[in-house]
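Participant: As a plain string of letters, each chain reads:
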Amino acid sequence: MSERKLLRKPIQAAKQLGEVMRDYFYRMDRIAKGEEEGRIAWCTSTGPGELLQAFGFEVHYPENHGAILGSRRVAADYIPLANAIGYSPEICSYLTSDVGCYLKGETPLSQAYPGIESVPKPDVLAYNTQQCRDVREWFEYYGREFNVPVIGINPPRGMEQVTAANVDDVVQQIRELIPPLERVSGEKFDIDRFRESMRLSRECSELWGYVLGLASNVPAPWTFFDGCIHMGPAVCLRGTQEPVDYYRALKEELEQRVADGIAAVENERFRIYWEGMPIWGKLRALSEQFSELDSCVVVSTYCNSWIFSAFDEQRPFESMAQAYTEIFINRSEPAKEVYVEGLVREYKVDGIVFHDAKTCPNNSNSRYGMPQRLQDKLGIPTLTLDADLNDLRMYSEETTRTNIEAFVEQLEDTKEVRSG
Amino acid sequence: MSSWRIRKRLDLDRMASLDGSYVGGLDCGTTTTKAVIIDGTRRILGSCVRKSGANLLESAETALEEALSSAGLSADQVRYIVGTGFGRRSISFAHQTKTEISCHSKGCHHYYPEAITVIDIGGQDNKVVKLDSSGRKSSFKMNRKCAAGTGAFLEEMAYKLDVPVSELEGLARKSSSGTELGSFCTVFTATEVLDRIRGGEKLEDIVRGLFNSVAKRILEMDRLTGRVIISGGVVAHNPIVAEIISERANIEVEIAPHPQEMGAFGAALFAAESVAREAGEEDKLSVARR
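Chain order of the listed sequences is A and B. Going by our numbering, 241 is the number at position 241 of the first sequence; the sequence numbering is gapless. Going by our numbering, 98 is the number at position 98 of the second sequence; the sequence numbering is gapless.
Just so you know, these hints were derived from the structure itself, not from any lab. Incorrect hints may appear among the rest.
[Stated by the list, open to error] Just the calculated beta-carbon pair ranges, DEER-fashion:
{"hint": "1", "chain 1": "B", "residue 1": "A115", "chain 2": "A", "residue 2": "R401", "range": "43 to 53 Å"}
{"hint": "2", "chain 1": "A", "residue 1": "L103", "chain 2": "B", "residue 2": "Q96", "range": "44 to 54 Å"}
{"hint": "3", "chain 1": "A", "residue 1": "V338", "chain 2": "B", "residue 2": "E201", "range": "30 to 40 Å"}
{"hint": "4", "chain 1": "A", "residue 1": "E398", "chain 2": "B", "residue 2": "E220", "range": "19 to 29 Å"}
{"hint": "5", "chain 1": "B", "residue 1": "R89", "chain 2": "A", "residue 2": "S332", "range": "49 to 59 Å"}
{"hint": "6", "chain 1": "A", "residue 1": "D77", "chain 2": "B", "residue 2": "R198", "range": "52 to 62 Å"}
{"hint": "7", "chain 1": "A", "residue 1": "E397", "chain 2": "B", "residue 2": "P113", "range": "34 to 44 Å"}
{"hint": "8", "chain 1": "B", "residue 1": "S133", "chain 2": "A", "residue 2": "R72", "range": "22 to 32 Å"}
{"hint": "9", "chain 1": "B", "residue 1": "E220", "chain 2": "A", "residue 2": "F189", "range": "20 to 30 Å"}
By construction, the Cβ of each residue, glycine as well, lies at the ideal position given by its N, Cα and C atoms.
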């Protein structure tokens, strides 16, 4: 067998990405240590961060911390500690690995950023359960630990369409967050500050959507796996200027790649959709395997979930309610199918990989027959991988590799039929 | 035979032309390694099944050597080798690798050139593959990473029951319907089995119950449509599994020829295709199809 040497094409903007994230973590650390004025809020990754920023909070995202634990393949070291205090191994492994890490008094940030000894202690925690119940339970745990307020939004779930009544409900819930935030921050709510945060968040979101969309070019200039790395600013810093500047730089670089016909995967033969959570500890391995098979994962529901098209600073409450309630994870199966179908066509996808994440039922969309329905409707193969976002004890290396390899062999068969 | 010697003997520059040369398939599974040598008419000339053990490359080399010996051939007469199975990437002297999903499909389609469903029950994984009449995969399913319902499950249960694996089939045939085991998990099933023994159930009913359990795991993987063909080591030694699947699904289930070597045979067919493609002589290989 001949060994193929993979030509990695590093994204130059990654250096700037590293700086943006480094500054973000050190800024929070200085605030937490009292070296810089400010307050810390913890927030779920899909809002309502912009409202917290309007009160001057620096925002920490436990889900981001969970993803770092996953990427560094240390989650399984910490999960048992959370299990031992009653948090089941069946629930969100972001939650259990993050709580276990806290119980052990550690953080992977210490290795990446010398001097940081812990995640910044919160003054308040704000959740949005449009993703799942687990985020609330996660935040309630820390509320008890740190004895700080836990506030949040509990929107209607699983909607076919987001109605005006749904939006009104969520607007009301967002408004109800203001008094406790005024108490914790000691500041009066300033609508202009909120509008500014929403404006910057909209700009970030538009740029993020644009750079992701560049992968609809053939060949794709970057992959889902790249997107998982480069989404950090869109998750953690949207609502500020930094991600806007960063994604402008990334946009320029990727546009140049498109103009030059530079492919993320040499000899791109197959274009794949990734549905579901990333397998954080296997991003590189999976990226390399798909590359070896001349297959490019060009689009994902996951990365696209941080495109908030509805944001409008002129209607900050309503548009925030709309944007955060209408996200994919919070929709009915038919609505999700329409969404996936649209992206399959837009990105000229040859096959869909569903990740059934053991501890994330809310973001595993293979469990109610969707792969079969989409396969029948779109005439493209689907594959379901059984794994997990963080808990690599749920991951079988060889089974996953064989499944992916067999899937590409099936794509070869399918393409043969199409080309007649 | 060391791998460098195999590689040296397989040096393509020194190979004979397509006519009169041979190709091989090696299926390096979790439990056994299978080798098959075929000629240009796709006839099996030699084969071997042996334990995979810890050193997969060594097992593959030995299996190939034994298959060559049974064919009365030497390594330098083999022009191309395709590796498959769990350990396919360990077969460093193979010219190409393919998944066992494709190889079992390829092998079965050779014998049944129509739309079929292929069931492969292996040492640690099960597959259900649907093929169209051209042999192209329209879908495939593999069991989850759990080995419940595979050969490893039967081996573990035989050990717990202190019955040689080779006697399971005979015991099961003494039972008319068998017991129903409720657990998914191999470990929990073992506990359940011990409980049944204590409860006075007959050994043959419990053993048939184990095969019932294997059949259930298969039937929950996918719907079985079209002509259903079953391959793999489990059914080679325990054809009762095919009968139970057939009874439970109310469909006819046929056991493929040489079911345990089907993956290696499919790999050899891919090898033959590669040789033909290289030589631009594909037509020379399109004979002897059933």
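Participant: None of the hints should be skipped; say for each whether it holds.
Facilitator: Quick rundown of the hints versus the structure:
A beta carbon spacing of about 28 Å between A115 (chain B) and R401 (chain A) contradicts the range 43 to 53 Å that was offered as a hint. A hinted range of 44 to 54 Å holds for the C-beta pair L103 (chain A) and Q96 (chain B), which are about 50 Å apart. The hinted range of 30 to 40 Å is not satisfied by V338 (chain A) and E201 (chain B), whose Cβ atoms lie roughly 53 Å apart. For E398 (chain A) and E220 (chain B), the Cβ-Cβ distance of about 22 Å falls inside the hinted range of 19 to 29 Å, so the restraint holds.
In this structure the hint that R89 (chain B) and S332 (chain A) lie 49 to 59 Å apart at CB is violated, the actual value being about 42 Å. For D77 (chain A) paired with R198 (chain B), a C-beta distance near 40 Å fails the hint of 52 to 62 Å. Range check, E397 (chain A) to P113 (chain B): Cβ separation about 35 Å, and the 34 to 44 Å hint holds. The given range of 22 to 32 Å is broken by S133 (chain B) and R72 (chain A), whose C-beta atoms sit roughly 49 Å from each other.
As the Cβ distance of E220 (chain B) to F189 (chain A) is approximately 55 Å, the hint placing it in 20 to 30 Å is violated.
Taken one by one, the earlier hints fail for this structure at numbers 1, 3, 5, 6, 8, 9, listed in ascending order.
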